[in-house]
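Engineer: Residues per chain, in single letters:
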Amino acid sequence: MALQLNLLHEEISEKRQRKRDPLKLGIIALSSFGLLLFLYYGWNAYQTIQIRSQLNAAQSEWQKVEPKVTAAQKRAAELHQIIDSTKVLDSLIDQRFYWAPFLSQVAQCVAPNLQVTGLDGNVVEGDGSIAVTLEGLAAAREPRSAAEDFRQLLSEQLEKNYHEVKVTFRNLEDLDTLVSLSGVPTPSARFVLNVTLDPKPGDGVRKDEAAQGIAKTK
Amino acid sequence: MKPKKLNKDQIQKIFLSVLGFIGLIYCYFTFFLGPLDKSRNSMTASIVDVQTKTASSKTEMKKTAALEMQAKEATGRYEALKATTAPGAPIAWFPPKMRAFFGDQGIDKVTARLESSADFKQPELADWIKDNWAIELPQSGYASLGKAVAQLENTEPLLAITHLVIHAVPEEPQFQQVSLMAQTALFKK
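Protein chains in written order, with the numbering used here: chain A, 14 to 231; chain B, 1041 to 1229.
It is worth saying that the hints were derived from the structure and are not from the lab. Keep in mind that this is a model prediction, so the values were computed, not measured. One or more of the hints may lead you astray.
Claimed, not checked - Under the rule of at most 27 angstroms between Cα atoms (straight-line distance), these lysine-lysine pairs were calculated in the DSSO-like manner:
1) B:K1122 - A:K87
2) A:K77 - B:K1098
3) A:K87 - B:K1137
As the list claims (entries may be wrong) - Only some residues are given here: those of chain B computed to face chain A with a beta carbon under 8 angstroms:
4) I1054
5) S1086
6) S1156
7) H1203
8) A1208
Beta carbons: idealized from backbone N, C-alpha and C, even for Gly.
Bound conformation, chain B alone (with noise of 0.2 angstroms):
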């Protein structure tokens, strides 16, 4: 059997049924599909980017309550030595403070006052704040002093005596004339 020649109309038909369907891929592609994969590709890279925050989310909570744990005796120690700080400016309670002290060791008339007060150099005590302070004691005997020198450094862990001069009173030879440079290291509240 003879193939059929196509005529000049049909060929016209073949050719518009071939842009057709060139047009539907090209638009199923571009418009439908190609949109809807690169959303779909989105929301799983989206999922998988929440899910390892939330995963290193909940790693990171199980540490810190590790940390919690650890820090247990360290924050207590802190919260200790924070406590050493007495509310108000340190020239306020600060020499009230040691005359009493002073006064509960038997030695009288101590007067302290602030010579300096700087920050830290360390970061870690940024909160702190560095007193340094002159403590005239201008009366006491040698075994008074060495008692309240020794509750002073037990009693006070962020108080140290930088220089320390004891001049004997030449009218009263049982007593002392003391002068301490004390560094305080006090929270700034």
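So here's chain A without its partners, still in its complex pose (with noise of 0.2 angstroms):
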């Protein structure tokens, strides 16, 4: 039998050690994480890319909006203001006395017998209502009779257009002198009243009337 031999044993052991060398397969091992993880990365990466042009396309929406959203604002501002403006003004309006209608009904009052020589009216401060104080004289047989109708009348006419009115004398009294009533001597009294009074809201609706009514009256 022949004896077989093998030289190369040496050599052969040699290169199995080197294929089976751990730094080697190590190197294999990481080289072929590395090109994974390279690739995920490469993925999130184009991801990443798409994302950033999503947020340029949504901030150059934003550049187009802000300018005008930033005007509107302004406007929107400025409406505001011009309506809060408009419904206090419009308030003042409505809350203003007219005098005209209150001086017609005053005239509507005055008998022939009866002179009104003076008339202080006020808008109190505050809560807006009236105060006037009126002088006159009165001639009649019996002048604070006449006084006293007139006081009563104008109670009346007055209680039709405003809230709680109330006219009172501040001083009634008879004088000495003798006036001419139509060509006739007859007794006077001076007298002075207070009237208070809270306006109605909208009695200037009936301004252009009253103007008539003072000119007819007249």
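Mind assembling these two chains? They're in different frames, but the hints should get you there.
Structural biologist: Below you can see the structure in the form of structure tokens.
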């Protein structure tokens, strides 16, 4: 039987050892894993680029909208201010006391034997009520009675248009001198009336009629 | 088959490979994937933020357009009220205006002077000023006065008579002497 000798035994053994070298195997494994990680990173980077492009699109849209919305906000604030100012101005207008209808009613109550010599009217600050002082002369056989008739008539007439009407005498005194009424000497009395009232809203609608009323009574 | 025992050199190499693996993982997450994720998350948040802002802005613009339609009447009215204030200092144009107004009503020799001037308390009227005027009508018939006052109250919405004094003129009983205190709201120009 022939003897078989492997003379390359050492060389083959070295070759096997080189193939199983842990460092080489480790490097191969690391490289493969690194490649996988790199691919995963690439996929993520691609997604990030897409998100960036979405962000750019959103930002460019916002840049287009921003000046418009700033102008719109400014305009809205301006409009709100206009609306609020108009409301307050309208309330000022509505809360005014219209004197013309009042003067008309006073004129309508003055009888031929009566003369109003003074009127002092005031809008009371705060509650907006009206305080008026009327001075005048009443001439009649019973001048005090004539003055009282005027007071009552004025009170009745004013109550038609205003709230909380109070017409009271502050002063009523007989005068010693006689006045000529239609050529007849007649006793007279001097009166001072205090009138207070709370104006009804919207009494201004009658102001034109009032002006006409004043014209007619005179 | 009996497993071959690792020699010292091989153990060192395996240890080195494990170290390399750990280093790779650390570097990958710390310097590559981490910052990328962070940037992506911040960009996503920014997109949501910008899109929300854009959407709310569009809604706001629609609301403003609707408000513009609603405020048309108020705007027109406000402009009309503003137009009641003539250009220039009120003391320069208001007295002549009153003189001309009462002159047209047949009442002459009218004088008007500024008594006081103040801002309104209401913050909505920051652009407006409250002036008090004393208007003297030395000679007026009662009927003419009534018509003139009615006309004044009709044509001057921002004028309110706060005090009215009428006295008969002793020498001429057909005439009255009249003093008015009028309050005006004028636009600051």
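Engineer: The hint names I1054 of chain B as touching chain A; please verify it with the least Cβ-Cβ distance against 8 angstroms.
Structural biologist: 5 angstroms, holds
Engineer: With a cut-off of 8 angstroms, does the beta carbon of A1208 of chain B approach a beta carbon of chain A closely enough for the hint to hold?
Structural biologist: 5 angstroms, holds
Engineer: For a C-alpha distance cap of 27 angstroms, please report whether K1122 of chain B and K87 of chain A respect it.
Structural biologist: 20 angstroms, holds
Engineer: Any CB of chain A closer than 8 angstroms to the CB of S1086 of chain B?
Structural biologist: 6 angstroms, holds
Engineer: Have a go at the H1203 of chain B hint: is there a Cβ in chain A nearer than 8 angstroms to its own Cβ?
Structural biologist: 5 angstroms, holds
Engineer: May I ask you to test the interface hint for S1156 of chain B with respect to chain A, counting a Cβ-Cβ separation under 8 angstroms as satisfied?
Structural biologist: 13 angstroms, violated
Engineer: Given the hinted pair K77 of chain A and K1098 of chain B, is their Cα-Cα distance within 27 angstroms?
Structural biologist: 11 angstroms, holds
Engineer: Keeping to a limit of 27 angstroms between CA atoms, is the pair of K87 of chain A and K1137 of chain B held or broken?
Structural biologist: Roughly 36 angstroms between the alpha carbons, so the hint for K87 of chain A and K1137 of chain B is violated.
Figure legend: structure checked against the earlier numbered hints; hints not met, in rising order: 3, 6.
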